[in-house]
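Chemist: Going down the list, the sequences are from chains A and B. Using numbering that gives the first Met the number 0, the letters of the first sequence map in sequence onto residues 0 to 211. Using numbering that gives the first Met the number 0, the letters of the second sequence map in sequence onto residues 0 to 211.
Just so you know, the hints here were simulated from the structure itself, not pulled from any lab data. Bear in mind the structure is a predicted one, so any value in this text is a computation, not a measurement. Hints should not be assumed to be uniformly reliable.
Heads up, simulated DSS-like pairs for lysine-lysine below, C-alpha to C-alpha not over 27 Å straight-line [stated by the list, open to error]: (1) B/Lys171 <-> A/Lys41; (2) A/Lys41 <-> B/Lys62; (3) A/Lys171 <-> B/Lys41; (4) A/Lys52 <-> B/Lys171.
2 protein chains.
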Amino acid sequence: MTTNLPQNISTPTLLRLPSYLDVIHRAKNAGKTRLSSAEIGKELGYGSVQVRKDLASVSNAGKPRTGFDIYKLEDDIRDTLGFNEEKNAVLLGVGHLGRALMNYEGFRENGLHILAGFDVKPTHDSTLKDKVLTLNELEAFVAENVIDLAIICTPASEADRAAETIVNAGIKAIWNFAPTTLHVPDEIVVQNENIAESLGVLWYNMINKKHD
Amino acid sequence: MTTNLPQNISTPTLLRLPSYLDVIHRAKNAGKTRLSSAEIGKELGYGSVQVRKDLASVSNAGKPRTGFDIYKLEDDIRDTLGFNEEKNAVLLGVGHLGRALMNYEGFRENGLHILAGFDVKPTHDSTLKDKVLTLNELEAFVAENVIDLAIICTPASEADRAAETIVNAGIKAIWNFAPTTLHVPDEIVVQNENIAESLGVLWYNMINKKHD
Chain A
0 MTTNLPQNIS TPTLLRLPSY LDVIHRAKNA GKTRLSSAEI GKELGYGSVQ VRKDLASVSN
60 AGKPRTGFDI YKLEDDIRDT LGFNEEKNAV LLGVGHLGRA LMNYEGFREN GLHILAGFDV
120 KPTHDSTLKD KVLTLNELEA FVAENVIDLA IICTPASEAD RAAETIVNAG IKAIWNFAPT
180 TLHVPDEIVV QNENIAESLG VLWYNMINKK HD
Chain B
0 MTTNLPQNIS TPTLLRLPSY LDVIHRAKNA GKTRLSSAEI GKELGYGSVQ VRKDLASVSN
60 AGKPRTGFDI YKLEDDIRDT LGFNEEKNAV LLGVGHLGRA LMNYEGFREN GLHILAGFDV
120 KPTHDSTLKD KVLTLNELEA FVAENVIDLA IICTPASEAD RAAETIVNAG IKAIWNFAPT
180 TLHVPDEIVV QNENIAESLG VLWYNMINKK HD
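Could you build all of it, start to finish, from the sequences and the hints given here?
Modeler: Structure follows, in structure tokens:
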């Protein structure tokens with residue numbers, strides 16, 4: 000675990016960082032090695048002051064006249080977001096969404112490994128590459144494996160009970176996909192995922208394009 | 000369709016708006032009717048200048064000394080994000096993620112209705128509340144129904160072909176969950192969804208809490 004991670008990066012900046020990775024990825028595919036903050040901003044619709052401020056908080060890959068070394072910048076952003084670290088997770092609630100996440104191909108490049116899913120009843124599902132265990136096996140599984148975080152994919156009504164099981168098993172971080180607010184002790188880090196969030200952006204852009 | 004929608008709201012502001020809805024929801028549950036920008040900012044970790052700026056761009060529910068009327072503010076935010084509009088969608092790629100979205104309970108309150116799913120082969124799946132048709136039925140389905148947007152949940156390798164089918168059927172907006180960049184004509188509005196985005200926020204907060 001690196002100790003020279005930058006401190007005090009705001010959540011809005013953290014949430015913008017993956018969009019910079021997308022721009023870098025496209026630039027690399029186009030054979031580029033450097034990008035200016037103006038080029039990056041234009042691609043994303045951010046002002047170049049915003050771009051410079053965001054990126055200065057995570058990297059010193061930018062140079063006054065030549066712009067950013069995108070290979071170094073990519074690595075620094077991935078370090079900040081922990082995408083270069085291997086992380087082990089368990090997942091609670093193996094319904095459709097839980098299955099989708101257990102098989103999601105995008106997680107591997109972010110260093111996330113879901114070691115097992117847990118549900119109220121055991122499932123023998125050949126379409127899942129990972130095993131599904133019953134919830135009362137969680138504590139023993141966590142004792143035997145190094146688990147960094149738990150993912151909650153239960154219905155909203157079951158989410159607090161799942162969180163309690165997770166906390167009792169000694170896991171300190173929860174990624175919550177259930178559409179509800181969890182009640183957990185202060186020392187537990189929770190990140191809520193709201194799949195519908197970017198629907199509003201799509202809708203707004205649709206309306207304003209129609210009005211062009 | 001309302002014509003008095005605010006113009007020129009930045010994408011970062013749009014992406015923050017749902018977090019304000021969360022705060023309003025919690026305040027309503029606690030029996031409150033008003034919130035100050037300082038209270039909202041404290042809850043979300045945003046500065047109060049940021050809060051005032053974001054909310055002034057979508058609502059005039061804020062008053063100098065008494066703060067925001069949260070019922071009016073909620074309605075204005077929902078209007079901006081289109082959550083008060085009924086929207087019909089089709090979904091392409093009925094794998095695990097597609098099934099999860101077709102059954103996702105959180106979409107209803109955002110006005111989104113997925114009328115049907117489409118896949119290369121028809122599926123008779125009693126766990127899905129909506130029907131699954133074959134891809135070559137899409138064009139006829141779109142001709143018979145008012146469809147506002149299409150959701151792509153195919154593997155990355157199939158996403159461009161799905162987008163082509165969507166565009167040929169006359170749909171102008173795409174919500175893309177496939178982890179790839181689509182190649183579509185300029186007039187098509189695309190919103191990419193990267194499920195892994197907030198994983199970085201969780202990770203960053205874990206590391207910094209450990210170092211406290």
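Chemist: Are the hints correct? Go through all of them and say.
Modeler: Consistency of the hints with the structure:
Proposed proximity of B/Lys171 and A/Lys41 is supported: the alpha carbons are some 23 Å apart, at most 27 Å. Restraint check for A/Lys41 and B/Lys62: not satisfied, since their Cα atoms lie roughly 35 Å apart, outside the 27 Å limit. Taken as a hint, the A/Lys171 and B/Lys41 pair is honoured in the structure, with Cα atoms around 23 Å apart against an allowance of 27 Å. Distance hint between A/Lys52 and B/Lys171 is unfulfilled; the C-alpha atoms sit about 35 Å from each other, more than 27 Å.
Comparing the model with each numbered hint stated earlier shows that hints 2 and 4 do not hold.
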